[in-house]
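Colleague: Residue numbers (the numbering used here), protein chains in the order written: chain A, 46 to 260; chain B, 25 to 392.
Since the hints were derived computationally from the structure, they do not count as laboratory data. Quantities reported herein were computed from a predicted structural model and do not represent experimental measurements. Worth double-checking, as some hints may not be accurate.
[What the hints assert, rightly or not] EDC-like mimics (lysine to aspartate or glutamate), calculated; alpha carbons at most 20 Å apart, straight line: (1) A:K106 with A:D65; (2) A:K106 with A:E131; (3) A:K106 with B:D279; (4) A:K106 with A:D52; (5) A:K106 with A:D206; (6) A:K106 with B:E280; (7) A:K106 with A:E90; (8) A:K106 with B:D61.
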Amino acid sequence: MMSETDDRALIAACRAGRSDAFGALVQRYQSRLYPTALRLTGRPEDALDLLQDAFLRAFEKLGGFHGESSFYTWLYRITVNLALSERRRKSSRIVPRVASDAGPEPEDRSIDHEPSSSLERAELDRAVQSALDALAPDHRAVIVMKEFDGLRYEEIAALLDVPVGTVRSRLHRARHDLRERLRSLSDSADVDDRVDEAPAESRLAAAAPPPARVV
Amino acid sequence: MNLDDESLLSAYHDDELAPEERRSLDLALEANPALGDRLREFTELRTLLGSTSTPTSPVDLAPAVVAELRVRRRRSAAFRGALWTATAATVLTAVVLSADPNLFRPKRNAGPIVADRGEPVTKHERSADDRNADPAVETPASLPLVAENSDAATEPTAIVAAPPPPEPEPEIAPAEKLASLLDRSRFRVVEIPESLFGDAAADRVDEILRETIRKDPDYARFRLDAPEAADLGLESASECFVALVDENELHHLVDELQRRFPEVEDRSLESPDVPRLVAAADDVAIRPGRSGASLVEPPAPVEAIASKFSPLDPAREIPRFPPLGRPEIGAFSPPRIPSVEASPPAADPIEPVAPPRKVALIVRVSEE
Numbered sequence: 046m047m048s049e050t051d052d053r054a055l056i057a058a059c060r061a062g063r064s065d066a067f068g069a070l071v072q073r074y075q076s077r078l079y080p081t082a083l084r085l086t087g088r089p090e091d092a093l094d095l096l097q098d099a100f101l102r103a104f105e106k107l108g109g110f111h112g113e114s115s116f117y118t119w120l121y122r123i124t125v126n127l128a129l130s131e132r133r134r135k136s137s138r139i140v141p142r143v144a145s146d147a148g149p150e151p152e153d154r155s156i157d158h159e160p161s162s163s164l165e166r167a168e169l170d171r172a173v174q175s176a177l178d179a180l181a182p183d184h185r186a187v188i189v190m191k192e193f194d195g196l197r198y199e200e201i202a203a204l205l206d207v208p209v210g211t212v213r214s215r216l217h218r219a220r221h222d223l224r225e226r227l228r229s230l231s232d233s234a235d236v237d238d239r240v241d242e243a244p245a246e247s248r249l250a251a252a253a254p255p256p257a258r259v260v
Numbered sequence: 025m026n027l028d029d030e031s032l033l034s035a036y037h038d039d040e041l042a043p044e045e046r047r048s049l050d051l052a053l054e055a056n057p058a059l060g061d062r063l064r065e066f067t068e069l070r071t072l073l074g075s076t077s078t079p080t081s082p083v084d085l086a087p088a089v090v091a092e093l094r095v096r097r098r099r100s101a102a103f104r105g106a107l108w109t110a111t112a113a114t115v116l117t118a119v120v121l122s123a124d125p126n127l128f129r130p131k132r133n134a135g136p137i138v139a140d141r142g143e144p145v146t147k148h149e150r151s152a153d154d155r156n157a158d159p160a161v162e163t164p165a166s167l168p169l170v171a172e173n174s175d176a177a178t179e180p181t182a183i184v185a186a187p188p189p190p191e192p193e194p195e196i197a198p199a200e201k202l203a204s205l206l207d208r209s210r211f212r213v214v215e216i217p218e219s220l221f222g223d224a225a226a227d228r229v230d231e232i233l234r235e236t237i238r239k240d241p242d243y244a245r246f247r248l249d250a251p252e253a254a255d256l257g258l259e260s261a262s263e264c265f266v267a268l269v270d271e272n273e274l275h276h277l278v279d280e281l282q283r284r285f286p287e288v289e290d291r292s293l294e295s296p297d298v299p300r301l302v303a304a305a306d307d308v309a310i311r312p313g314r315s316g317a318s319l320v321e322p323p324a325p326v327e328a329i330a331s332k333f334s335p336l337d338p339a340r341e342i343p344r345f346p347p348l349g350r351p352e353i354g355a356f357s358p359p360r361i362p363s364v365e366a367s368p369p370a371a372d373p374i375e376p377v378a379p380p381r382k383v384a385l386i387v388r389v390s391e392e
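Turn these sequences into a full structure, and let the hints steer you where they fit.
Modeller: Structural data, given as structure tokens:
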């Protein structure tokens, strides 16, 4: 079981020049950070790139980590801010990505061997990720931090270095946008009679693939 | 309900309202069923998002991260070993100049260039077709045809009847030469305290300098004795590194340094008289960058360049770059010279030879 004491020992070893100690920290926190990275970037390969950059950046800045927060929180902050700066950098050429067969694969699920509920969930994952991808980077970040990672407004504000009121308004707008995008996916899926009889969540998940991705 | 109210509803849903705000919303919800519908939408959205699966990382990043760290460490150690480690770093000063980008390259000091067949060359002729016709020919931007201070630089096209007699080039002390090159410049000075060279910041500082050198700009090295160093706000004699860097690039680098390291001070407003300080410098060595390097010495890899910036040791002779010589006129291909008749009339506007407005100078000062 990981503990802050272990973290401190590993960090001290890193500062003493032991790269392998940092490898242990990477192994410890990669799995916790990966879902956030994936939801922020939308693609597994981008998520891995982001995480690798975040870990390297963290190592560079290790001298500036004084333990005011947990190491995980510090890493989380670096990851989110790196994702945001990267998204902003690319924003001029970003067109909302939509679900397609080539879209993100949240989990490696074999259709042949998974029950239909898993298939539906994979479709839901895809639809939700598509809707997330279409949000503005700032809005996506607050949604991910609130709805998936369960952070409080104050924590989000501290991580993004913005006032709590900004978090509240961004979150509200993000929810509104997300809801609208999911609803539009749902509406297009209503053409399919099968989907009409499915529960609401499945309807959203089983949305027909929107227009082809334009990059 | 306006947006503010709706964001309150969103905060209500997240249990992020103050008690009195929450009570107000409770009353509003009782009175307005539509608000309840909106609230249910938030709940449904949360349920929907919560029903997605939690992705798992497909690969273990640790080996790649550790390998990359080791590579960076080796690179950093090799570079610092050659360039920085042996000297106790105290300050990095960045100066932005408004000057010719070819500052450190040899310049002709007088008169228009004359082709080897003895015909006169006008600025207009050189600046248009011929530059394009023979890319090997030095362009006015890299080798000004007329010295910056020459009156001819502002004159209309001049047809010269005969080649001017070669002027003897006076011997100029390197420090004076460098000082004159830096004259008529304006400066931006950024100081990085010694403490930043002691931890992870050093890697970034090294990285910046390495990137700077790798781009092979014009650069020079000189040494300031204590009195001049004191004018830079330093306590001891110092070795300085001067490089011409793109201004925007320098701006971003300095901006990044200042953002990451609040200790970095922008001393632009109190910039010392750098040319005067340089005029008093010792051990000046000037080396043009890639485009001018062939005139002086072959391009060297970054490690070789770095090795030239060896720590100052009073008992050791500091390596000098070969002295800059005046380029032989015949060393480069003469351009195709159009006939005088074919030349445009003198009244035609001269195509301006516009040097880039600003270049950057990085002075790295290290404690002796």
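Colleague: Now, for every hint given, state plainly whether the structure supports it.
Modeller: For each hint, the structure was consulted:
no. : hint               : in the structure
1   : A:K106 with A:D65  : holds, 17 Å
2   : A:K106 with A:E131 : holds, 18 Å
3   : A:K106 with B:D279 : holds, 17 Å
4   : A:K106 with A:D52  : holds, 15 Å
5   : A:K106 with A:D206 : holds, 18 Å
6   : A:K106 with B:E280 : holds, 14 Å
7   : A:K106 with A:E90  : violated, 24 Å
8   : A:K106 with B:D61  : violated, 47 Å
This entry does not satisfy hints 7 and 8, going by the numbered hints stated previously.
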